[in-house]
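Asks: Protein chains in written order, with UniProt numbering: chain A, 1 to 515; chain B, 1 to 312; chain C, 1 to 343.
Just so you know, nobody snuck in bad clues.
Taking lysine-lysine pairs in the BS3-like style, the calculated list, with each CA pair at most 25 Å apart, reads:
id	chain 1	residue 1	chain 2	residue 2
1	C	72	B	123
2	C	72	B	207
3	C	72	C	4
4	B	207	C	76
Beyond 12 Å from chain A on every Cβ pair, some chain C residues (computed):
id	residue
5	72
6	165
7	217
8	334
9	336
Covered stretches of chain C (chain B as the covering partner; in silico rule of three or more C-beta atoms under 8 Å from a C-beta of chain B):
id	stretch
10	183 to 197
11	273 to 284
Just so you know, these hints were derived from the structure itself, not from any lab. All C-beta atoms, glycine included, are put in the ideal place defined by N, C-alpha and C.
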Amino acid sequence: MKNKFLILLLLSLFLFSMFSAVQAQETERFVMGIEDEVSNLDPGETTISVNERVASLIFDGLVEYGEANKIVPGIAEDWTISEDGLEYTFNLREGVMFHNGQELTAADVEYTYNRILNPDYGSGLRAKIESIESIEVIDDYTIKFTLSEPYAPFILAMTFGIVPEEYAEEVGDDELGRNPIGAGPFKMEEWDAGNQIILSAFENHWNKVPNIKELVIRSIPESATQAMELRSGGIDFGVNLDVGQLESFTDNPDYQVKSAAGAGINFLGFNFEMEPTHERKFREAVLQAVPFDQIIPQIFGILGERAYSMLPPTIWPEEREFLKENAVGFDPQAAAQKFEELKADGVIPEDYVAQIYVSNSRPNQVKTAEAMVTALNQSGLKAEVNSMEFGTMWDMLGRGEIGMFFLRFVSDPDPDYWLYRFFKSPDEGGSLNRAFYSDEEVDQWLEEARAISDQAKREELYNKVLRKVLIEDLVFHPLAHSTQIYVMQDNVRELEPGNSLLIPLVTPTANVYKE
Amino acid sequence: MFAYIIKRLLWLIPVVIGVSLILFGIMQLVPGNPAAIMLGTNITPEAVAALNEKFGFNEPFYVRYFLMLKNFLTGELDSIYYGDKVINIIGRRMTATIELGSLSLIIAVLIAIPTGVIAAVKKNSLFDLFSMFIATIGISVPAFFTGIIFIYLFSVYFQILPSSGYGGRFWTLSGLRHLILPAFSLSTVMIASTSRLTRSSMLDIMKEDYLVTARSKGVAEKIIILKHAFRNALIPIITNIGNQLAMMFGGAILIESVFAWPGVGRLAVKAVEFRDQPLVFGSILILSMLYVVVNLMVDIIYVFINPRISYK
Amino acid sequence: MKNKIILFILLLIQIYVNYQNWIIEGRVWSSLEYKFATVFSIIVIISLLLLLFKNSIFLKFKENDLYAKTLKEFNKGYGGKIAVFILAFIFYAAFMAPFIAPYSPTEIDYSNMTYAAPSWNHWFGTDDFGRDMFSRVIYGARIALGVGFAAVLVNASLGVTLGLMAGYYGGKADMIIMRVVEIWNSIPFILLALAIISALGKGIFNIIIAVGVTGLINFSRLTRSIVLQIKEKEYVAAAKALGAGDLRILYYHILPNSISSLIVLATLRIGISILVVAGLSFLGLGIQPPTAAWGTMLNRGQEYLIQAPWMSIFPGLAIIITVLSFNLLGDALRDALDPRQLD
Chain A
1 MKNKFLILLL LSLFLFSMFS AVQAQETERF VMGIEDEVSN LDPGETTISV NERVASLIFD
61 GLVEYGEANK IVPGIAEDWT ISEDGLEYTF NLREGVMFHN GQELTAADVE YTYNRILNPD
121 YGSGLRAKIE SIESIEVIDD YTIKFTLSEP YAPFILAMTF GIVPEEYAEE VGDDELGRNP
181 IGAGPFKMEE WDAGNQIILS AFENHWNKVP NIKELVIRSI PESATQAMEL RSGGIDFGVN
241 LDVGQLESFT DNPDYQVKSA AGAGINFLGF NFEMEPTHER KFREAVLQAV PFDQIIPQIF
301 GILGERAYSM LPPTIWPEER EFLKENAVGF DPQAAAQKFE ELKADGVIPE DYVAQIYVSN
361 SRPNQVKTAE AMVTALNQSG LKAEVNSMEF GTMWDMLGRG EIGMFFLRFV SDPDPDYWLY
421 RFFKSPDEGG SLNRAFYSDE EVDQWLEEAR AISDQAKREE LYNKVLRKVL IEDLVFHPLA
481 HSTQIYVMQD NVRELEPGNS LLIPLVTPTA NVYKE
Chain B
1 MFAYIIKRLL WLIPVVIGVS LILFGIMQLV PGNPAAIMLG TNITPEAVAA LNEKFGFNEP
61 FYVRYFLMLK NFLTGELDSI YYGDKVINII GRRMTATIEL GSLSLIIAVL IAIPTGVIAA
121 VKKNSLFDLF SMFIATIGIS VPAFFTGIIF IYLFSVYFQI LPSSGYGGRF WTLSGLRHLI
181 LPAFSLSTVM IASTSRLTRS SMLDIMKEDY LVTARSKGVA EKIIILKHAF RNALIPIITN
241 IGNQLAMMFG GAILIESVFA WPGVGRLAVK AVEFRDQPLV FGSILILSML YVVVNLMVDI
301 IYVFINPRIS YK
Chain C
1 MKNKIILFIL LLIQIYVNYQ NWIIEGRVWS SLEYKFATVF SIIVIISLLL LLFKNSIFLK
61 FKENDLYAKT LKEFNKGYGG KIAVFILAFI FYAAFMAPFI APYSPTEIDY SNMTYAAPSW
121 NHWFGTDDFG RDMFSRVIYG ARIALGVGFA AVLVNASLGV TLGLMAGYYG GKADMIIMRV
181 VEIWNSIPFI LLALAIISAL GKGIFNIIIA VGVTGLINFS RLTRSIVLQI KEKEYVAAAK
241 ALGAGDLRIL YYHILPNSIS SLIVLATLRI GISILVVAGL SFLGLGIQPP TAAWGTMLNR
301 GQEYLIQAPW MSIFPGLAII ITVLSFNLLG DALRDALDPR QLD
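Excised from the complex, chain A in its bound form:
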């Protein structure tokens, strides 16, 4: 009898502790949900955005993004750019420490950039610094980059995370990606692959010691699951919520929903080497058939803003007005008539079914494609949505097998990054030119604009490019600037979304904490 009682007591205790409400978490521990699994934290290989998001917390660069995307000093105290725009000289701070206690010197900076420049290493970041001709270490705290030709956005590449030469040489690239050591505000504690990464505050950071002492980064790919985690208090902060879930948080006082404009552009593109998308009339008819102005705000909700330009709203907003006024508008009758004519002319084959390709990891784009297909079918053009993994789609795009596609592009705040690779002729440096668009004038403007540093002149050139490709030739149709949306518990302070994908937990202006 006594035994039974004891067992019962133990059992109830056990059950009580099992099912007791989720405990309130300590304020120094911050749990963050990200949209995908981190695969590699080598800052030279962070071409996947989640990797970049986490690596940026561990590594610091020579310069950083400050407010409104202005470049502010990071590890480099100050720098000088020569008159001709070919020489960049950086003065590093003294006493900047890596997580392993070694001091960061110019040699580490040199090593970092040489590593990325090495073609065998195969880094995707290489394209941004290809113009480097030589790197020269002047002394422990001074380094000089010499470019082969002027390249205005070069300074943005100075944000790459600096890796410790000695450590990286000793353990190799693979190990660096798994056990990263940088000079950033957080250091690696534990990596439970596929589940979570635990970082801790780096007490000897050159600038600020984070208020968050323990940072848990959990990968939760299903956005529904992430919403549930926020509701159950399992995470403090989530970045991957779809419109539907967001709505239920915006009017809930227990959560804060914050947004920042323009982390990326969603657009519809056409292939210029395929029938019938190379016909301007066809492209115009497609754009006329779909009421983008109506569907975009309703589908993207607070996750996006109707776009008329390829550039994010923070760059040169005046031009957007012109582009907006001259964009192709909704006109279903005209569209239907054009499709009729094109069919009669044999441009659209009898059994043609337009395939709209879209990446399945972008729910808003899939929905837009769905609405677009519905509208096209009503205007007399048979259409289907073809949603697939981004990788496959990108590969097919590269081989020119896709006529109409949705893409999202995110980059750093310089128009060159946003336009050059998309609209430059494919064999002249347009590495992302999946429309296979080629125009001599545009090529020339783009080339000119990247070599000068006079802002007004650059603006004029880029505006010419935009008018030509978006209004005249209808290469792309911008849909929406995606907005960065952060959803967090109401006790989180100082966490404001920036314009890039990076999560600003510790920045020159903020140091996130929980009340």
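Model the placement of chains B and C on the given structure of chain A, informed by the hints.
Replies: Okay, now just chains B and C, sitting in the frame of chain A:
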């Protein structure tokens, strides 16, 4: 018995060869160059060439197959996406998968068999009707839907269990708390089908002559049911569990996605999505081998219960 | 008499539906889906008329011994009857979708793309594009049944062929075939389907193939065991002695004897196939939007689980009820078509 186990383990060899051939064949049909996919928008021809060289994508297909199989067997296979050895990546997730699978199996057996036995003994009672009604619905509900409903109920509404993720090894409190919801969601289908089968095979056995004789000789009902009927009913039940395992292995992949569970199934889905050929190869091959081994264990239990069957 | 009244009411409803569509809306033959619905309604009207006025035609079936026996067994439990009733309803919805759905399943009102709770106008509410969920669920029945049946057909024809060959030829052929099927089966089926779809691309036909080639082991094992039982029977030996070819024996003697078990298995497999397609949709590999399919709708509804639960509840229920009916039907058929009775 020992010889039987060895013989069954040897079966793994043709399984590895067969499954690897099937996987490799399917992968050849999959469009897309893994190197291009990996580089995404940062693509440059040199980077693609470097990656192609590194992973041997330029070799003819038969060379690639043997290379892949050899590397898999020696543990040298490299994942493209993770930049790590496939064996390490899988190794880090294996515990999570095995914990989820075994707990679901245990839950299923512990709930389903008593339910089935009681339902059979008290045939047409309220308990019988109700539990069988639930069980019939149970086999018709998609497991991932059950998972979503569980999360909503237990994590959001009642807030008594964590909604997703892995909380540590199963013997720690946090580990067990994280394990409960996915394990229950995964076991629903097996609970439902096993309890139905337990009931019907118990009913069949209880009609048999020798039990009627035993009863007429005055052997206590409890002993009849537990000692004679149940033991014989177990044989079809175990067979059914063996058959259900395939469903469970499939369901686990969906459950892992719903609960953000860091298991091998979710890894395999991701590998397919990223066209990470070595990882697809490795993870699916490992899961198939696991399936064969678990089936072998079921068969061994079967031998113990049914000594009439001899294995040569 | 009671039966006649019910039949009469059904006939009136059917005629009213057709009157509305054919006469008032003029939807008869203009598209493929109207053609299907028109043919189906004519069949329904004719069979209702026959049942009402010329019942004697069906007496022939009732006189058949085997049929009567099966029917009697089938009617013993409630499960089978309920299942037949529900499935008839679902089939009707599937074929008649364009005639009975109150709204178009795909058309979008661009000025009002938002969800709304169930109401008198929209019985199941509307989804996030403002489309009527009731119409979409009805249209979804076509995809679910179509893919389910087609996948099982693929599955059964492959599995049965392999099983027949293994069982009939025996020896080495048997060993090799069954080993290959076992190896095939040891790949988790969702992953196999996933890999096949990523190789072939999406689209209904590829999904049917992907679902159809998984789980071959069920059909082949069953067929093989039946063949092994029947092969030893005297009449097969006699046929062989008379010089009948292999194919002839398989077709005339062995297949008819295995058909009842196969029907039971096929019924259960349809339910499983519908679940697998739903699972694939959950991973984003199901039927592509805007086509109304239950799995895809359920997956979409997840996003709105809290504010618009009807978006997931109704497609979810549709899946559960359909699969449940197939399972109940399978159970009832198993009891009714017990192979031991047919022997």
